[in-house]
Amino acid sequence: MISRGSSSNEQRTLVESQDSSQPKYVKMVFILGVNFPERNLLKASQPSYARSKSLETFFGIGNNGSSRLLSRFNIHPTCRVGELANKQVLDLTAVLSEMKIENDLRREVLNDIKRLKETGTYRGRRHALGLPVRGQRTRTQIKTPVRLNRMERRL
Amino acid sequence: MFPTRALLGRSVWKGPNIVPIALPRTLPPPPNTPPIRTTKRAATILPNFVGLRFAVHNGKTYVEIQVTEEMVGRKLGEYVATRKRFTYKQSKNK
Numbered sequence: 001m002i003s004r005g006s007s008s009n010e011q012r013t014l015v016e017s018q019d020s021s022q023p024k025y026v027k028m029v030f031i032l033g034v035n036f037p038e039r040n041l042l043k044a045s046q047p048s049y050a051r052s053k054s055l056e057t058f059f060g061i062g063n064n065g066s067s068r069l070l071s072r073f074n075i076h077p078t079c080r081v082g083e084l085a086n087k088q089v090l091d092l093t094a095v096l097s098e099m100k101i102e103n104d105l106r107r108e109v110l111n112d113i114k115r116l117k118e119t120g121t122y123r124g125r126r127h128a129l130g131l132p133v134r135g136q137r138t139r140t141q142i143k144t145p146v147r148l149n150r151m152e153r154r155l
Numbered sequence: 001m002f003p004t005r006a007l008l009g010r011s012v013w014k015g016p017n018i019v020p021i022a023l024p025r026t027l028p029p030p031p032n033t034p035p036i037r038t039t040k041r042a043a044t045i046l047p048n049f050v051g052l053r054f055a056v057h058n059g060k061t062y063v064e065i066q067v068t069e070e071m072v073g074r075k076l077g078e079y080v081a082t083r084k085r086f087t088y089k090q091s092k093n094k
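Protein sequences, first through last, are from chains A and B.
First residue of the first sequence? That's 1 in the numbering used here, and the numbers climb one at a time after it.
First residue of the second sequence? That's 1 in the numbering used here, and the numbers climb one at a time after it.
Keep in mind that a hint or two might mislead.
[What the hints assert, rightly or not] With a straight-line Cα cutoff of 30 angstroms, these simulated DSBU-like cross-link-like pairs (lysine-lysine) come out:
hint: 1; chain 1: B; residue 1: K40; chain 2: B; residue 2: K14
hint: 2; chain 1: B; residue 1: K40; chain 2: B; residue 2: K60
hint: 3; chain 1: B; residue 1: K84; chain 2: A; residue 2: K143
hint: 4; chain 1: A; residue 1: K53; chain 2: A; residue 2: K143
hint: 5; chain 1: B; residue 1: K92; chain 2: B; residue 2: K60
hint: 6; chain 1: A; residue 1: K117; chain 2: B; residue 2: K40
hint: 7; chain 1: A; residue 1: K87; chain 2: A; residue 2: K100
hint: 8; chain 1: A; residue 1: K143; chain 2: B; residue 2: K75
hint: 9; chain 1: B; residue 1: K89; chain 2: A; residue 2: K143
hint: 10; chain 1: A; residue 1: K53; chain 2: A; residue 2: K87
hint: 11; chain 1: B; residue 1: K60; chain 2: A; residue 2: K117
hint: 12; chain 1: A; residue 1: K100; chain 2: A; residue 2: K114
hint: 13; chain 1: B; residue 1: K60; chain 2: B; residue 2: K75
hint: 14; chain 1: A; residue 1: K53; chain 2: A; residue 2: K100
hint: 15; chain 1: B; residue 1: K84; chain 2: A; residue 2: K114
hint: 16; chain 1: B; residue 1: K89; chain 2: B; residue 2: K60
hint: 17; chain 1: A; residue 1: K114; chain 2: A; residue 2: K143
hint: 18; chain 1: B; residue 1: K84; chain 2: B; residue 2: K60
hint: 19; chain 1: A; residue 1: K117; chain 2: B; residue 2: K89
hint: 20; chain 1: B; residue 1: K40; chain 2: B; residue 2: K75
hint: 21; chain 1: A; residue 1: K114; chain 2: B; residue 2: K75
hint: 22; chain 1: B; residue 1: K84; chain 2: A; residue 2: K117
hint: 23; chain 1: A; residue 1: K143; chain 2: A; residue 2: K117
hint: 24; chain 1: B; residue 1: K14; chain 2: B; residue 2: K75
hint: 25; chain 1: A; residue 1: K114; chain 2: B; residue 2: K60
hint: 26; chain 1: A; residue 1: K117; chain 2: B; residue 2: K75
hint: 27; chain 1: A; residue 1: K117; chain 2: A; residue 2: K100
hint: 28; chain 1: B; residue 1: K84; chain 2: B; residue 2: K40
hint: 29; chain 1: A; residue 1: K114; chain 2: B; residue 2: K40
hint: 30; chain 1: B; residue 1: K14; chain 2: A; residue 2: K117
[What the hints assert, rightly or not] Part of the chain B face toward chain A, derived, beta carbon under 7 angstroms:
hint: 31; residue: E70
hint: 32; residue: E78
hint: 33; residue: Y79
Calculated directly from the structure, the hints in this document are not laboratory data.
Using N, Cα and C, we set each Cβ at its ideal position, and we do this for glycine too.
Starting from the given sequences, assemble the full structure and let the hints guide the process.
Rendered as C-alpha cells:
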C-alpha cells in the first residue's frame, strides 16, 4: 500500500478550478498520489473524451490495461472518477502500486536500450545514432527516430 | 497477455535456429586457439558458446567477437556490423 496516496478516505479536497465555465470548486480524488478531478472519466469510451481519461495518464497503462482494471473491480466503462466508492479507489491504488508503471517502467526501458548498446548489438548502435532500429528505410522520412532515439531516450 | 511475445519473430514449432558449429574439443580452449571462423550470422548463440571467441563474417572480412553471457539467445550477426559509415573522400582528378 502506497503511503503518499494518503488513503483518500477523507481526502476529497476542494481545489479551486481555473475554468470559469465549470463550477467554481472541483472535487479531486487521489489515485496513487495523483489528484484527478471528479468529473474526469476513468476510461474514455469515446475519442472525444480522450483528454479526461484518468487511468491512462499513468505511463504504462493504456487501453488494454485500463479495461482490465475496470473489469477486475466491476466498474462500468463510462464511470467518472467521482462516482467511485472509497473501497474501489483504495483497491485501484493498491493494484497500481504493485504494477510496474511510471518511473519503474521508464527505467526498465532505458536499461534495455543501454544493455543493447553495451553488448555491442546493431540495435544498440542504431539507438545511439538516432536512426530507425527495425530495418526501416532511411532514404526519406526518419524524423521520428531522429527526434526520439537516443541513449537516454525521452519517454 | 502475450505469453509467446518473445517468440513472435519465429514459429514456435521451428524452435531457435541451431546451426551445427564446430566447437573446440577441450573447454575452455587453451590460449592461442584461433577464433572459430564462421559465416553463419543467423546462428543462435547457445549457452555453451559463452567465453568462446568467434570470427564472424561481415560480408568482407571476419570480425572477432568474444561471446559473453548477455549474448545468449541472440544471433551471432547482431554483434558484427555489415555496413560502413559513409565518409566523403576528396578525389584529386576531376
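Outcome of the hint check:
A threshold of 30 angstroms between alpha carbons decides the hint, and for B/K40 with B/K14 the separation of about 18 angstroms falls inside it, so the pair holds. A distance of roughly 14 angstroms separates the Cα atoms of B/K40 and B/K60; the hinted pair therefore holds under the 30 angstroms criterion. For the hint pairing B/K84 with A/K143, the CA-to-CA distance comes to about 22 angstroms; that is within 30 angstroms, so the pair holds. For the hint pairing A/K53 with A/K143, the CA-to-CA distance comes to about 29 angstroms; that is within 30 angstroms, so the pair holds.
For the given pair, B/K92 sits about 27 angstroms from B/K60 by alpha-carbon distance, which is consistent with the 30 angstroms threshold. Restraint check: the Cα-Cα separation between A/K117 and B/K40 comes to about 22 angstroms, which is no more than 30 angstroms; the hinted pair holds. At most 30 angstroms may separate the alpha-carbon atoms for a hinted pair to count; A/K87 and A/K100 meet this at roughly 22 angstroms. Only pairs whose Cα atoms come within 30 angstroms are accepted, and A/K143 paired with B/K75 is accepted, the gap being roughly 29 angstroms.
Our distance criterion of 30 angstroms between C-alpha atoms is met by B/K89 and A/K143, whose separation comes to about 27 angstroms. Restraint check: the Cα-Cα separation between A/K53 and A/K87 comes to about 20 angstroms, which is no more than 30 angstroms; the hinted pair holds. Simply put, B/K60 and A/K117 have alpha-carbon atoms about 24 angstroms apart, close enough for the 30 angstroms limit, and the pair holds. With a C-alpha separation of about 19 angstroms, the suggested pair A/K100 and A/K114 falls inside the 30 angstroms cut-off, and the hint holds.
Using a Cα cut-off of 30 angstroms, the hinted pair B/K60 and B/K75 holds, with the two alpha carbons roughly 19 angstroms apart. Between A/K53 and A/K100, the direct Cα distance comes to roughly 19 angstroms. Compliance with the 30 angstroms bound is thereby established for this hinted pair. A threshold of 30 angstroms between alpha carbons decides the hint, and for B/K84 with A/K114 the separation of about 22 angstroms falls inside it, so the pair holds. A hinted pair counts as satisfied when its Cα atoms are at most 30 angstroms apart, and B/K89 with B/K60 qualifies at roughly 21 angstroms.
A threshold of 30 angstroms between alpha carbons decides the hint, and for A/K114 with A/K143 the separation of about 22 angstroms falls inside it, so the pair holds. Restraint check for B/K84 and B/K60: satisfied, since their Cα atoms lie roughly 11 angstroms apart, inside the 30 angstroms limit. For the given pair, A/K117 sits about 29 angstroms from B/K89 by alpha-carbon distance, which is consistent with the 30 angstroms threshold. As the CA atoms of B/K40 and B/K75 are separated by approximately 9 angstroms, the hinted pair is consistent with the 30 angstroms bound.
For the hint linking A/K114 to B/K75, the alpha-carbon distance of about 18 angstroms falls within 30 angstroms, and the restraint holds. Distance check on the hinted pair: B/K84 and A/K117 sit about 18 angstroms apart at the alpha-carbon level, within 30 angstroms; holds. With a CA separation close to 21 angstroms, the supplied pair A/K143 and A/K117 stays within the 30 angstroms bound. Proximity of B/K14 to B/K75 is assessed by CA-CA distance (about 16 angstroms); at most 30 angstroms being required, the pair is judged to hold.
Distance hint between A/K114 and B/K60 is fulfilled; the C-alpha atoms sit about 29 angstroms from each other, no more than 30 angstroms. Taking the CA atoms of A/K117 and B/K75, the gap is about 15 angstroms. The hint holds against a cut of 30 angstroms. Between the alpha carbons of A/K117 and A/K100 the distance comes to roughly 23 angstroms, so the proposed pair stays at or under 30 angstroms and holds. Simply put, B/K84 and B/K40 have alpha-carbon atoms about 20 angstroms apart, close enough for the 30 angstroms limit, and the pair holds.
With a CA separation close to 26 angstroms, the supplied pair A/K114 and B/K40 stays within the 30 angstroms bound. Taking the CA atoms of B/K14 and A/K117, the gap is about 29 angstroms. The hint holds against a cut of 30 angstroms. Interface restraint check: B/E70 against chain A, minimum CB-CB distance 5 angstroms, threshold 7 angstroms, status holds. The beta carbon of B/E78 comes within 5 angstroms of a beta carbon in chain A, closer than 7 angstroms, and the hint placing it at the interface holds.
A cut of 7 angstroms between beta carbons decides the hint on B/Y79: the least distance to chain A is about 5 angstroms, and the hint holds.
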